[in-house]
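Protein chains: 4
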Amino acid sequence: MSVRVIVTGGTFEKQYDALKGELTFKDSHLPRILELVRCTAPVVLEVNQLIDSLHMQAADRQRVLAACAQAPESRLLVIHGTDTLVETARALGEAGLGKTVVLTGAMVPYSVAGSDALFNLGYALAMAQSLPPGVHVAMNARTFPWDNVRKNREQGVFEALDQQPG
Amino acid sequence: MSVRVIVTGGTFEKQYDALKGELTFKDSHLPRILELVRCTAPVVLEVNQLIDSLHMQAADRQRVLAACAQAPESRLLVIHGTDTLVETARALGEAGLGKTVVLTGAMVPYSVAGSDALFNLGYALAMAQSLPPGVHVAMNARTFPWDNVRKNREQGVFEALDQQPG
Amino acid sequence: MSVRVIVTGGTFEKQYDALKGELTFKDSHLPRILELVRCTAPVVLEVNQLIDSLHMQAADRQRVLAACAQAPESRLLVIHGTDTLVETARALGEAGLGKTVVLTGAMVPYSVAGSDALFNLGYALAMAQSLPPGVHVAMNARTFPWDNVRKNREQGVFEALDQQPG
Amino acid sequence: MSVRVIVTGGTFEKQYDALKGELTFKDSHLPRILELVRCTAPVVLEVNQLIDSLHMQAADRQRVLAACAQAPESRLLVIHGTDTLVETARALGEAGLGKTVVLTGAMVPYSVAGSDALFNLGYALAMAQSLPPGVHVAMNARTFPWDNVRKNREQGVFEALDQQPG
Numbered sequence: 001m002s003v004r005v006i007v008t009g010g011t012f013e014k015q016y017d018a019l020k021g022e023l024t025f026k027d028s029h030l031p032r033i034l035e036l037v038r039c040t041a042p043v044v045l046e047v048n049q050l051i052d053s054l055h056m057q058a059a060d061r062q063r064v065l066a067a068c069a070q071a072p073e074s075r076l077l078v079i080h081g082t083d084t085l086v087e088t089a090r091a092l093g094e095a096g097l098g099k100t101v102v103l104t105g106a107m108v109p110y111s112v113a114g115s116d117a118l119f120n121l122g123y124a125l126a127m128a129q130s131l132p133p134g135v136h137v138a139m140n141a142r143t144f145p146w147d148n149v150r151k152n153r154e155q156g157v158f159e160a161l162d163q164q165p166g
Numbered sequence: 001m002s003v004r005v006i007v008t009g010g011t012f013e014k015q016y017d018a019l020k021g022e023l024t025f026k027d028s029h030l031p032r033i034l035e036l037v038r039c040t041a042p043v044v045l046e047v048n049q050l051i052d053s054l055h056m057q058a059a060d061r062q063r064v065l066a067a068c069a070q071a072p073e074s075r076l077l078v079i080h081g082t083d084t085l086v087e088t089a090r091a092l093g094e095a096g097l098g099k100t101v102v103l104t105g106a107m108v109p110y111s112v113a114g115s116d117a118l119f120n121l122g123y124a125l126a127m128a129q130s131l132p133p134g135v136h137v138a139m140n141a142r143t144f145p146w147d148n149v150r151k152n153r154e155q156g157v158f159e160a161l162d163q164q165p166g
Numbered sequence: 001m002s003v004r005v006i007v008t009g010g011t012f013e014k015q016y017d018a019l020k021g022e023l024t025f026k027d028s029h030l031p032r033i034l035e036l037v038r039c040t041a042p043v044v045l046e047v048n049q050l051i052d053s054l055h056m057q058a059a060d061r062q063r064v065l066a067a068c069a070q071a072p073e074s075r076l077l078v079i080h081g082t083d084t085l086v087e088t089a090r091a092l093g094e095a096g097l098g099k100t101v102v103l104t105g106a107m108v109p110y111s112v113a114g115s116d117a118l119f120n121l122g123y124a125l126a127m128a129q130s131l132p133p134g135v136h137v138a139m140n141a142r143t144f145p146w147d148n149v150r151k152n153r154e155q156g157v158f159e160a161l162d163q164q165p166g
Numbered sequence: 001m002s003v004r005v006i007v008t009g010g011t012f013e014k015q016y017d018a019l020k021g022e023l024t025f026k027d028s029h030l031p032r033i034l035e036l037v038r039c040t041a042p043v044v045l046e047v048n049q050l051i052d053s054l055h056m057q058a059a060d061r062q063r064v065l066a067a068c069a070q071a072p073e074s075r076l077l078v079i080h081g082t083d084t085l086v087e088t089a090r091a092l093g094e095a096g097l098g099k100t101v102v103l104t105g106a107m108v109p110y111s112v113a114g115s116d117a118l119f120n121l122g123y124a125l126a127m128a129q130s131l132p133p134g135v136h137v138a139m140n141a142r143t144f145p146w147d148n149v150r151k152n153r154e155q156g157v158f159e160a161l162d163q164q165p166g
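Protein chains in written order, with the UniProt record's numbering: chain A, 1 to 166; chain B, 1 to 166; chain C, 1 to 166; chain D, 1 to 166.
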């Protein structure tokens with residue numbers, strides 16, 4: 001029951017580049033994270049791309065879909081920027097992959113104080129191990145089907161289309 | 001489908017006391033953590049005790065059991081020290097509560113660099129939301145039934161009694 | 001022998017804004033930092049501005065100069081962005097204030113893993129307590145007079161005009 | 001004007017051992033710290049011992065004295081546990097080394113959230129570069145001569161024998 005973790009970048013993976021003076025991408029944090037949580041569950045790591053999801057084009061999204069389709073595993077976890085996470089979820093959902101796919105991300109980079117990255121990763125990995133086939137978004141300790149979720153940009157949380165938090 | 005998080009202390013909650021020069025307990029980190037992950041899932045927090053699990057006596061364990069039995073929620077997450085986590089899991093399992101109970105902890109305190117606390121919390125909370133009734137231990141990105149788990153102290157990981165990691 | 005710490009912002013003070021998805025300014029970290037280092041030295045804190053030094057205009061620099069000139073203290077520490085720190089140092093140096101002024105900053109924000117902010121602050125505060133009148137730049141565990149220093153942007157370090165590190 | 005940094009351990013250097021469940025010593029943090037602050041000042045690093053200063057015996061203190069006496073540098077910075085830092089300072093002071101020696105430490109380990117280690121290191125290194133010969137204790141953004149300092153254990157700060165903070 002191995003889970004493939006497909007990394008696409010997003011806030012989760014951003015690191016500070018001291019010379020440029022901005023948050024950007026270097027390597028994925030995932031290998032280090034899996035080590036420090038002493039992960040003994042079967043996990044396969046695939047760095048698909050390292051990109052800000054605001055910059056994701058249709059071709060980039062197709063690369064995520066292709067990785068999901070070609071993966072030998074039937075359980076997939078996609079690390080994604082939150083800004084267009086729902087859009088990628090829709091692309092995966094409409095493709096009818098017949099696999100369990102969970103997408104998650106972070107509102108604060110792993111490398112920044114007060115990050116939600118580790119929590120979200122743990123939560124989403126558990127859901128990727130547990131949920132039946134379908135495409136799901138896991139954020140804020142909640143899980144949403146791909147066709148009933150949106151990012152509330154004012155509050156910085158994900159919510160169901162038919163049920164906004166107060 | 002609210003989850004009650006029952007805090008008992010353990011490495012997860014330890015904080016450094018600069019005057020004493022040692023790791024000890026102050027307040028629970030959970031309120032701050034639930035805030036920084038922008039948790040919108042229904043969660044009820046109960047600080048049952050703040051104790052090193054090596055110091056847990058039968059009476060302390062009974063207090064955890066009583067909290068689980070009396071909780072109005074049918075889904076419970078217990079934050080516990082890893083050293084006697086399996087022993088408490090057994091006490092809860094043998095009690096036949098008819099609820100979903102997940103126990104987790106941390107090998108490195110939340111307040112120390114390289115902690116696994118946030119990951120374990122996210123993972124275990126997802127399992128508390130998902131699993132059927134029964135008592136489970138969630139550590140190292142794996143979930144074990146209470147009667148088939150032990151802590152491997154040499155490697156610092158949890159494993160099934162009948163299947164040790166290599 | 002009180003030291004006035006004049007905060008202008010810069011990388012040192014940047015914090016991650018999860019809603020905007022970028023590093024920006026909120027409050028100064030200095031009050032919290034002085035508390036955690038249990039500072040018992042006489043220090044007066046003045047938040048002059050919170051600005052990226054790349055965006056500093058002549059008027060902003062004049063505000064720093066005015067703060068230095070008007071300060072009742074004869075020992076001043078200026079927290080500044082590194083990109084135009086040397087330019088502000090020159091403005092202060094040419095003003096002939098007759099006070100000890102030390103400028104420092106950070107290459108990585110205080111709130112980001114691997115920050116140099118605390119080290120630089122400690123180093124620069126000691127120099128502000130020790131040096132004779134004059135304007136100095138304190139970075140990379142070195143101190144430079146204002147008229148013999150430049151930022152080496154390729155290496156991310158400060159160096160003397162007449163002596164570059166290898 | 002090279003400074004020799006003589007590491008003896010202390011709270012500054014403590015790291016969490018997840019298997020033992022306690023703070024202990026592994027390697028010195030100093031090489032990593034000097035790298036992240038992009039130190040370009042001439043610094044020679046010597047790991048003399050890695051020990052809790054409460055466990056320091058006369059022989060251990062002699063080893064610090066020997067390192068100070070034998071160092072080719074005339075400017076020395078000693079990283080030390082705070083509990084017996086003053087005792088070692090006295091041993092060095094009474095030896096009449098004719099060198100500038102600054103002792104510092106940390107109340108919270110470098111590896112723990114809210115540590116004062118980086119600040120103290122920066123402060124003390126600047127003092128080691130600046131002060132005339134003599135043995136000094138640098139803590140809490142203040143500098144004390146070795147024969148007029150004590151650790152106030154109730155408040156967790158260092159203070160002059162003849163002038164306690166309010």
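Treat the hints with caution; some may be incorrect.
[Said to hold, decoys possible] Simulated DEER-style distance windows between Cβ atoms:
hint, chain 1, residue 1, chain 2, residue 2, range
1, C, V44, B, H55, 43 to 51 Å
2, A, P133, B, S74, 42 to 50 Å
3, C, N148, A, T24, 42 to 50 Å
[To be verified] As a list, the in silico DSS-like pairs of lysine-lysine whose alpha-carbon atoms are at most 30 Å apart:
hint, chain 1, residue 1, chain 2, residue 2
4, A, K26, D, K26
5, B, K151, B, K99
6, D, K99, B, K20
7, C, K151, C, K26
8, A, K151, C, K99
9, A, K99, A, K151
10, C, K99, C, K20
11, C, K26, B, K26
12, D, K99, B, K151
13, C, K99, A, K26
14, D, K99, D, K20
15, D, K99, B, K26
Treat the hints as calculated values from the structure; they're not laboratory data. Quick caveat: nothing in here was measured; it's all calculated off a predicted structure. Just so it is clear, CB atoms sit at the ideal spot from N, CA and C, and this is done for glycine as well.
Evaluated hints:
1. Look at V44 (chain C) against H55 (chain B): about 46 Å separates their beta carbons, and that is inside 43 to 51 Å.
2. Between P133 (chain A) and S74 (chain B) the C-beta distance comes to about 26 Å, which lies outside the given range of 42 to 50 Å.
3. Range check, N148 (chain C) to T24 (chain A): Cβ separation about 32 Å, and the 42 to 50 Å hint is violated.
4. Of the supplied pair hints, the one linking K26 (chain A) and K26 (chain D) holds, its CA atoms being roughly 28 Å apart against a limit of 30 Å.
5. Note on K151 (chain B) and K99 (chain B): the hinted pairing holds, with a Cα-Cα distance of about 23 Å set against a maximum of 30 Å.
6. Straight-line distance between C-alpha atoms of K99 (chain D) and K20 (chain B) comes to about 33 Å, which puts the hinted pair past the 30 Å bound.
7. Taking the CA atoms of K151 (chain C) and K26 (chain C), the gap is near 26 Å; set against the 30 Å cutoff, the hint holds.
8. Only pairs whose Cα atoms come within 30 Å are accepted, and K151 (chain A) paired with K99 (chain C) is rejected, the gap being roughly 53 Å.
9. Using a Cα cut-off of 30 Å, the hinted pair K99 (chain A) and K151 (chain A) holds, with the two alpha carbons roughly 24 Å apart.
10. About 40 Å separates the Cα atoms of K99 (chain C) and K20 (chain C), which puts this hinted pair outside 30 Å; it is violated.
11. A C-alpha spacing of about 28 Å is found between K26 (chain C) and K26 (chain B), which places the hinted pair at or below 30 Å, so the restraint holds.
12. For the hint pairing K99 (chain D) with K151 (chain B), the CA-to-CA distance comes to about 53 Å; that exceeds 30 Å, so the pair is violated.
13. Of the pairs offered as hints, the one joining K99 (chain C) and K26 (chain A) is violated, with about 43 Å between alpha carbons and a cut-off of 30 Å exceeded.
14. Between the alpha carbons of K99 (chain D) and K20 (chain D) the distance comes to roughly 40 Å, so the proposed pair goes past 30 Å and is violated.
15. About 43 Å separates the Cα atoms of K99 (chain D) and K26 (chain B), which puts this hinted pair outside 30 Å; it is violated.
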